[in-house]
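Based on the sequences and whatever the hints tell you, model everything.
Terminal number for the sequence shown in the UniProt record's numbering: 141, no gaps in between.
The set of hints was computed from the structure by calculation and includes no laboratory data. A few of these clues could be false.
[Said to hold, decoys possible] Calculated cross-link-like contacts (lysine-lysine; reagent style DSS-like; alpha-carbon spacing at most 25 angstroms): (1) Lys109 with Lys119; (2) Lys74 with Lys64; (3) Lys119 with Lys46; (4) Lys50 with Lys109; (5) Lys46 with Lys64; (6) Lys12 with Lys71; (7) Lys71 with Lys119; (8) Lys46 with Lys109; (9) Lys46 with Lys71.
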Amino acid sequence: MIYVTNRPKDEKALVSEVPPGIHVLSTASLDTPWPKAVRLRTNFEKFLEKHGSGELPAEEMADKLMTDTTKADKTTLPGIYSVEFEHSLSSIFVEGRYGTRSISAVSAKTSGEVAFYEKYLEEESWIEHMASYVMEQTGTG
Numbered sequence: 001m002i003y004v005t006n007r008p009k010d011e012k013a014l015v016s017e018v019p020p021g022i023h024v025l026s027t028a029s030l031d032t033p034w035p036k037a038v039r040l041r042t043n044f045e046k047f048l049e050k051h052g053s054g055e056l057p058a059e060e061m062a063d064k065l066m067t068d069t070t071k072a073d074k075t076t077l078p079g080i081y082s083v084e085f086e087h088s089l090s091s092i093f094v095e096g097r098y099g100t101r102s103i104s105a106v107s108a109k110t111s112g113e114v115a116f117y118e119k120y121l122e123e124e125s126w127i128e129h130m131a132s133y134v135m136e137q138t139g140t141g
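This is the structure we're talking about:
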């Protein structure tokens, strides 16, 4: 997997290879240890433990992990903006006009079966969409 970002704006796009493992992307860069990113990683690890080597239901993954409205302790915030502003945005799911607009989850099996779940805000309503497909298997090497 690779990670591509255009941040900061005044620099060239950064393309980097992402090693295997669990990675979290927020409005900062990949794996930035913001409290909500750390909480999401921890909750995802627990979700993986719960399901073991079984199927990871994409819709359940999105609902359980991405709708967390727990706010961070104010002392753990990065201090880029005012404490009040950062605190209002410190949960994984942010409510309100400036808040979360979409949630998605992807799960893939070694057989190539993929499930993509998306929930997005359109006007005042949340719309859900689920797509399933099979990735073409290619030879190794």
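(Q) Between the alpha carbons of Lys74 and Lys64, is the straight-line distance 25 angstroms or under? (A) holds, 24 angstroms
Q.
Tell me if the straight-line CA distance from Lys71 to Lys119 falls inside 25 angstroms.
A. Roughly 22 angstroms separates the two Cα atoms, so the pair holds.
Q.
Hinted pair, alpha-carbon criterion (25 angstroms max): Lys46, Lys64. Please report holds or violated.
A. holds, 11 angstroms
Q. Between Lys46 and Lys71, does the CA-CA distance stay at or below 25 angstroms?
A. Holds, at about 19 angstroms.
Q) Do the alpha carbons of Lys50 and Lys109 lie within 25 angstroms of each other, as the hint requires? A) holds, 17 angstroms
Q) Taking only the CA atoms, is the gap from Lys109 to Lys119 under or equal to 25 angstroms? A) With a Cα-Cα distance of about 22 angstroms, the restraint between Lys109 and Lys119 holds, given a limit of 25 angstroms.
Q) Between Lys12 and Lys71, is the straight-line Cα distance small enough, at 25 angstroms or below? A) Violated: Lys12 and Lys71 sit about 34 angstroms apart, past 25 angstroms.
Q.
Would the hint linking Lys46 and Lys109 be met if the CA-CA limit is 25 angstroms?
A. With Cα atoms ~19 angstroms apart, Lys46 and Lys109 stay inside 25 angstroms; holds.
(Q) Does Lys46 sit within 25 angstroms of Lys119, going by the straight-line distance between their CA atoms? (A) The hint holds at about 22 angstroms.
Consistency with the previously given hints fails for number 6 only.
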